[in-house]
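Protein chains: 2
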Amino acid sequence: MQAAQIIHIEAPATVANMVCGFDILGFAVKAPYDEMNIRFRDEPGILIVNEDEYNLPTDPEKNVAGAALLAMMQELDPATGFELRIRKHIKPGSGVGSSAASSAGAVVAANRLLGNRFSREDLVRFAMNGEKVASGVKHADNIAPCIYGGITLIRSIHPLDIITITPPPLHVTIVHPQIEVRTADARSILKKQVQLKDAIRQWGNIGGLVAGLLKQDYELISRSLEDVLIEPVRSILIPGFDEVKRRSKAAGALGGGISGSGPSVFMLSKDEPTAQLVAEEMKAIYRSLGLDHHVYMTTIKADPL
Amino acid sequence: MQAAQIIHIEAPATVANMVCGFDILGFAVKAPYDEMNIRFRDEPGILIVNEDEYNLPTDPEKNVAGAALLAMMQELDPATGFELRIRKHIKPGSGVGSSAASSAGAVVAANRLLGNRFSREDLVRFAMNGEKVASGVKHADNIAPCIYGGITLIRSIHPLDIITITPPPLHVTIVHPQIEVRTADARSILKKQVQLKDAIRQWGNIGGLVAGLLKQDYELISRSLEDVLIEPVRSILIPGFDEVKRRSKAAGALGGGISGSGPSVFMLSKDEPTAQLVAEEMKAIYRSLGLDHHVYMTTIKADPL
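Line by line, the protein sequences are chains V and G.
The UniProt record's numbering numbers the first residue of the first sequence as 1 and each following residue consecutively.
The UniProt record's numbering numbers the first residue of the second sequence as 1 and each following residue consecutively.
One chain only, chain V, in its complex shape:
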């Protein structure tokens, strides 16, 4: 055991539920990201040290990174112990995969320490235990893009089947209005049944979006960034949503929607000047609503974690 080795990792924020791709399409961004350091410790078990302001639990079973590591450790020598130092920069509850960054970052870092003994699919499986702690649901919507990079398509969850889609250059503007949208609430307001005709329209857009990304056809991407099922229901939880969408598109954005289950909203643009105009619109809208907010400008992170 190389007790002295320290692995440092930067686990990125992610956008899940990419417009029409509810539960199946997501992507990683270059910033913000969480920083983590992991090393072996001499005694078994996990020691978590939080080096940020968020007062997250240090009990490994209650900490998302801890829960992910515990799942991994079930397949390791019982004597293995890890010390994990976490410095979060992705605000929990903002809807850009804060818990996924912790869970995925922890297991990717630990796996590197272990000489990459586990496959990427194994790591997704472990990290999903962190999501269970965070939201009650073992979903891979943020975990998959965080670990694989680029845009990921979760074709199937049982069995796990993750496909990486390399997009053309895309600039991402994200606004985080400082309100709370609980994932459980965002999920409970969705209807369990949908009209077949709406489902068909949605899958036309999914096919169009995947084709547009792979064919690097920005016009097709833009036309396909339409969600007729989830957004009309969930967007009522996000003040200013319609205005953000309308004014971002007027400023030249290709389109966008709710990031994860909100409250963050993202917009995609072809170039940085457009992304900057979108950022200005977002700020103006939330200033006029009198809502605290934070705006990020970034790009899609193409490389895996």
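Among the hints, a few may not be true.
In this list, chains with the same sequence are indistinguishable; a pair is considered to hold if it fits within one copy or across any two.
Stated by the list, open to error - Straight-line distance between alpha carbons at most 20 Å, and here's what the computed EDC-like set of lysine to aspartate or glutamate pairs gives:
{"id": "1", "residue 1": "Lys91", "residue 2": "Asp185"}
{"id": "2", "residue 1": "Lys215", "residue 2": "Glu280"}
{"id": "3", "residue 1": "Lys283", "residue 2": "Glu180"}
{"id": "4", "residue 1": "Lys197", "residue 2": "Glu231"}
These aren't lab readings, by the way, just hints derived from the structure by calculation.
Fit chain G to the supplied structure of chain V, relying on the hints for placement.
Relative to the frame of chain V, chain G by itself:
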């Protein structure tokens, strides 16, 4: 007007509702195809001459090719007249786009005679009037692949948005069991509402199928050829369906499903020897069921009509 010019066209059979891509994905095949000859006539209106065994109507309003031409003629000089001779090889009611071949073939041929004055989208629009005569619904599921070639994605019908997907080489085996499945019946047994979780599984497969085709990833294509919504309901109308699917896949087929609304069933294979094995399985199954049947072996037709 070049009264003497005759345009000859071979309008291909098409497979609509490509497994998970109900109402949005279809493809054209090299055979069978209908033959048509069109020329201007000296008097206004349409003269239809059927040169086959099917006794289809010759009244332009009741003939699918005639209905498509009539839609086109509303945008032409009222004095224009066409003589259309049709020799159908695609059996009506077999589920491989027989009516679409007539409708699309007629307007594409007429457009060539007119010096290609209309766009492909216009032609789809005209031809959809033929589908209305055939099935009561103005759908583009077969029209789009017939006119555009390759695999077509109908992202949206209002407004019409058709995307061509160029697939890797694919061999197609189609069995047509000689039973009648009325499109109206096949449509009426579908539920108007579906479970959101099933819709999500379906759109994972659609994303996977489009990605697999564009990335030329046969394994991904195969995994994505799954329909959890329509096939379980409609396949009960087709004797031997489950057996065809099971034995075709055991013989090496990538997968397949109901062609259009049936009764034909298609299977895709990577190479011709596999497609041949699939054909043998299909024949054996319908022989043992004592059902008359016809098996076609062909490939996807990449070029437009």
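Inset, instruction - Could you work out which earlier hints the structure fails to respect and list their numbers in ascending sequence? - result: Per hint list: single violation, 2.
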